[in-house]
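S.K.: Residues per chain, in single letters:
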Amino acid sequence: MRVNGEPVVLDVPPQVSLLDGLRDRLGLTGPKKGCDQGACGACTVLADGERIVSCLALAVQYEGREITTIEGVASLPDGAALQREFIRRDGFQCGFCTSGQICSAIGMLAERDSDAPPTRDEIREGMSGNLCRCGAYNGIVDAIEEVAT
Amino acid sequence: MTAIGQAFDRVDGAIKTTGAAKFSADQTYPGLAHAALTHASTARGRITEIDTTDATRVPGVLAVITHHNAPKMKMPSVGLMPPVFGTTVVCLNTDEVHWDGQPVAVVVAETQEAARAAAARVRVSCSPLPSAVDFSTAEAKPQKNSMLQAGSARKGDALAALESAPVAVDREFTTPPHNHNAIEPHTTTAVWDGDRLTVHEPTQNIGGVRRTLSAAFGVPIDKIRVVSEHVGGGFGGKGLVWPGTILAVLAARVTGRPVRLVLTREGVYRTVGGRTPSVQRVAIGADREGRMTSLVHTSVTRVGRTGGGPEGVTIQSSHLYDARNILLRQNIAEVDLLANTFMRAPGEAIGTFALESTVDELAHELHMDPIDLRMRNEPTRDPIGDKPFTRRNLRAAYELGAKEFGWEQRTPQPRSMRDGQWLIGWGVATAFHPPVHLVANASLRFSTDGTALLRCGFHEMGMGAATAQAQITADALGIPFEAVRVEHGDSSLPAGPMAGGSNQTGSVAAAVHTLAPKLRRALGGEISVEALARKRKPYVEVSIGADSPLGRATGQARLMSKFLRDRRKGVRAVTGAQFCEVRVDADTGEIRVSRWVGAFDCGTVINPKTAASQLRGGIVLGIGAALSEETLVDPRTGRIMNPSLAEYHLPVHADVPEIDVHWLDEPDPTMPAGLLGVGEVGVTGAAAAVANAVFHATGKRVRDLPITLDKVV
Ligand code: FES
Ligand code: FES
Numbered sequence: 002m003r004v005n006g007e008p009v010v011l012d013v014p015p016q017v018s019l020l021d022g023l024r025d026r027l028g029l030t031g032p033k034k035g036c037d038q039g040a041c042g043a044c045t046v047l048a049d050g051e052r053i054v055s056c057l058a059l060a061v062q063y064e065g066r067e068i069t070t071i072e073g074v075a076s077l078p079d080g081a082a083l084q085r086e087f088i089r090r091d092g093f094q095c096g097f098c099t100s101g102q103i104c105s106a107i108g109m110l111a112e113r114d115s116d117a118p119p120t121r122d123e124i125r126e127g128m129s130g131n132l133c134r135c136g137a138y139n140g141i142v143d144a145i146e147e148v149a150t
Numbered sequence: 033m034t035a036i037g038q039a040f041d042r043v044d045g046a047i048k049t050t051g052a053a054k055f056s057a058d059q060t061y062p063g064l065a066h067a068a069l070t071h072a073s074t075a076r077g078r079i080t081e082i083d084t085t086d087a088t089r090v091p092g093v094l095a096v097i098t099h100h101n102a103p104k105m106k107m108p109s110v111g112l113m114p115p116v117f118g119t120t121v122v123c124l125n126t127d128e129v130h131w132d133g134q135p136v137a138v139v140v141a142e143t144q145e146a147a148r149a150a151a152a153r154v155r156v157s158c159s160p161l162p163s164a165v166d167f168s169t170a171e172a173k174p175q176k177n178s179m180l181q182a183g184s185a186r187k188g189d190a191l192a193a194l195e196s197a198p199v200a201v202d203r204e205f206t207t208p209p210h211n212h213n214a215i216e217p218h219t220t221t222a223v224w225d226g227d228r229l230t231v232h233e234p235t236q237n238i239g240g241v242r243r244t245l246s247a248a249f250g251v252p253i254d255k256i257r258v259v260s261e262h263v264g265g266g267f268g269g270k271g272l273v274w275p276g277t278i279l280a281v282l283a284a285r286v287t288g289r290p291v292r293l294v295l296t297r298e299g300v301y302r303t304v305g306g307r308t309p310s311v312q313r314v315a316i317g318a319d320r321e322g323r324m325t326s327l328v329h330t331s332v333t334r335v336g337r338t339g340g341g342p343e344g345v346t347i348q349s350s351h352l353y354d355a356r357n358i359l360l361r362q363n364i365a366e367v368d369l370l371a372n373t374f375m376r377a378p379g380e381a382i383g384t385f386a387l388e389s390t391v392d393e394l395a396h397e398l399h400m401d402p403i404d405l406r407m408r409n410e411p412t413r414d415p416i417g418d419k420p421f422t423r424r425n426l427r428a429a430y431e432l433g434a435k436e437f438g439w440e441q442r443t444p445q446p447r448s449m450r451d452g453q454w455l456i457g458w459g460v461a462t463a464f465h466p467p468v469h470l471v472a473n474a475s476l477r478f479s480t481d482g483t484a485l486l487r488c489g490f491h492e493m494g495m496g497a498a499t500a501q502a503q504i505t506a507d508a509l510g511i512p513f514e515a516v517r518v519e520h521g522d523s524s525l526p527a528g529p530m531a532g533g534s535n536q537t538g539s540v541a542a543a544v545h546t547l548a549p550k551l552r553r554a555l556g557g558e559i560s561v562e563a564l565a566r567k568r569k570p571y572v573e574v575s576i577g578a579d580s581p582l583g584r585a586t587g588q589a590r591l592m593s594k595f596l597r598d599r600r601k602g603v604r605a606v607t608g609a610q611f612c613e614v615r616v617d618a619d620t621g622e623i624r625v626s627r628w629v630g631a632f633d634c635g636t637v638i639n640p641k642t643a644a645s646q647l648r649g650g651i652v653l654g655i656g657a658a659l660s661e662e663t664l665v666d667p668r669t670g671r672i673m674n675p676s677l678a679e680y681h682l683p684v685h686a687d688v689p690e691i692d693v694h695w696l697d698e699p700d701p702t703m704p705a706g707l708l709g710v711g712e713v714g715v716t717g718a719a720a721a722v723a724n725a726v727f728h729a730t731g732k733r734v735r736d737l738p739i740t741l742d743k744v745v
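Residue numbers (the numbering used here), protein chains in the order written: chain W, 2 to 150; chain S, 33 to 745.
Next up, chain W with everything else stripped away, as it sits in the complex (with noise of 0.2 Å):
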């Protein structure tokens, strides 16, 4: 597969988690294991462009596929300015849930098929698969809504 605009070769035995695989065995620590059951978010990562969480996926599942984590997320269209408004807007507090909040939300508005920028609500809805137990919930709302407008 190819993680982050690098081939790489995982080795890995079919129970292991694309999660698992990428942070113990490539090394990629941003992806975040807050549930490990498809609960959280902590751990979105795109695949192809499209979000999912990791940590339900299986990391055999996904040879051959383009898989960007956070630390890849700066070349893509939106990444980098969704960081930059994150931290202007204080879209995090301990940071733990930002590398799939951040993933979620360009898979998010990539997702739109409408030319218009979303509305509050629609981010809310769209993100809503993303826990964040700090509560900087309006904080990110408010990137999103800066990068997409």
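Quick caveat, the hints were computed from the structure, so don't treat them as lab data.
There's no promise every hint is true.
[Said to hold, decoys possible] Under 10 Å between C-beta atoms, here's a sample of chain S residues computed to sit facing chain W:
1. Val259
2. Thr546
3. Lys550
[Claimed, not checked] With a straight-line Cα cutoff of 20 Å, these simulated EDC-like cross-link-like pairs (lysine to aspartate or glutamate) come out:
4. S/Lys641 to W/Glu146
5. S/Lys743 to S/Asp619
6. S/Lys601 to S/Asp414
7. S/Lys641 to W/Glu147
8. S/Lys419 to S/Asp225
9. S/Lys173 to S/Glu366
10. S/Lys732 to S/Asp451
11. S/Lys187 to S/Asp354
12. S/Lys419 to S/Asp354
13. S/Lys255 to S/Asp225
14. S/Lys54 to W/Glu146
15. S/Lys641 to W/Asp143
Cβ atoms here follow ideal geometry from the backbone N, Cα and C, with glycine treated the same way.
Fit chain S with the ligands to the supplied structure of chain W, relying on the hints for placement.
M.R.: What follows is chain S with the ligands alone, placed relative to chain W:
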């Protein structure tokens, strides 16, 4: 221009938005092995057999450690100070099981997958012992008064005054157990090098981890280094040392390998305590003008038989209303469950729910505006102790909040505001939290390049602590914000305070304010590159406190004298007004929080950006407590029935509206830089504001959290 008061971006912004920040589970070591826990599924009992044959056969397994082969450990002695560990049980040193979920084996393997697979194959047989796990039927005993918390307080004869009051409301409330659910699970990476130990651990109490591990493994404290640079959320759940930490260190010791133990989400629920449930009674008597003649607030909370502490549920009730007679009493029931622990605004988070709901009920009885009723009973001195408030301008907070919210547009009758299908309700409640003040060791250095370095082992779990301290230091030295660097989160730095009780910013600021004049003197009266050049040194450094047995004892003495001095000065607290709008679907009872305004009297605000985030974060937690959060404990077995983020419902993006926060920005005269900690106050009053809004929308008074839709239809 001063740095304090400016909305600087967080200093850790770049690393936290690029994935570069290394949390505890991100630390790698050559030869790192992985650990996983096996839990008991008995509330109380004795292990009769523990079969590790299958577990040992899993490829890659290095060790399966149980009470049969674990080395002996011990917990530190509990002195005058509150304990730093969560439970007195030394797991794997006993065949006794004290709660459902207690770790009974730790498996170490080459990979995480192998460790988890093997942990699931350890077979444990237990013979059960009689247990009491049902909080609703457990016997409660009065809480004793201690130096740290009063179990009861009284003024006059509140019960008699209640009897004779022209108007009275007397209500019972319940709140369920809650879990912190920091998105980062508890994680320990432990590395032994001979008898030296390095532990990467997300903690709110570096010193507590060190002390506990020192006792558990019989290693002098100065051979233990605890690193905790970034904590992925704490909320109290990382304030004490829980079994996973000790067992990871044990696993590393037994296998001679660096070991990482990341608790599963279920593992966090089963081995790290949460907020106690409560049953509360609040009764208020008043005359027809709304002047309170009697205020009664009593509570029952629980502790585990092997740990946990009282919850100060009635604390705010001794400070908020000028009632002529007051009776407060806290009771505690002991059960065979995992110890409870503190969670964001322990006591006030749930205590304000009952008190502020009852005040709203009284306003309704009196046909009086709920803010008006509160202001008629606003005290000028502390109602019970008759001490002064170090500052209190709740009146102004209410005025500000009411204006921002548009409160005067409210029609008082329940169900009187509507938008098509949606019943609209506006509710209000008072927020109250008294930040504590601890002591910090620190050092401060000024270098030839004109920069300053503050070193203090405080904790950063999202509060923006490093950013705020850089601002405070910049002003104390009269240099720009950008010229200050801050190192934190490591026991090799001068010891910081624990992060709890909203103390940290103030406690570290006090150290900075002691160090700045010292540094100025050391530089001959002025902080400048020129002054340093005259000294012919690359830098000048001053410090406060020492990491030695004597230094630690002196620190304790400093802490005690500060505590007593503070108590004499009067009552110091953040107050605030929480305004909430809910929309309730007239048919389905679906409840949406649609608007929020919080106005706080919280002293000087160091950084408006990060302070607003902290206040909002507290309010979000309060919205969760109001509407969805509940840890379900099986009353027959003591098993947590929803130990996952899929079944314990935290507020998500769609549940949280714009939260508009304001403050008065008036300094507290007794605090360094006039600041008061704001990490906890946001959650207080929030659940009551929601409940009061739901009543206003629907005419239904819900006194049992969470307010789910079945309770309003
Ligand atoms: S870790 Fe994947 S969704 Fe929580
Ligand atoms: S920033 Fe802490 S969980 Fe989102």
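S.K.: Compare the structure with the hints numbered earlier in the document and write down the numbers of the violated ones, lowest to highest.
M.R.: 1, 2, 3, 8 and 14
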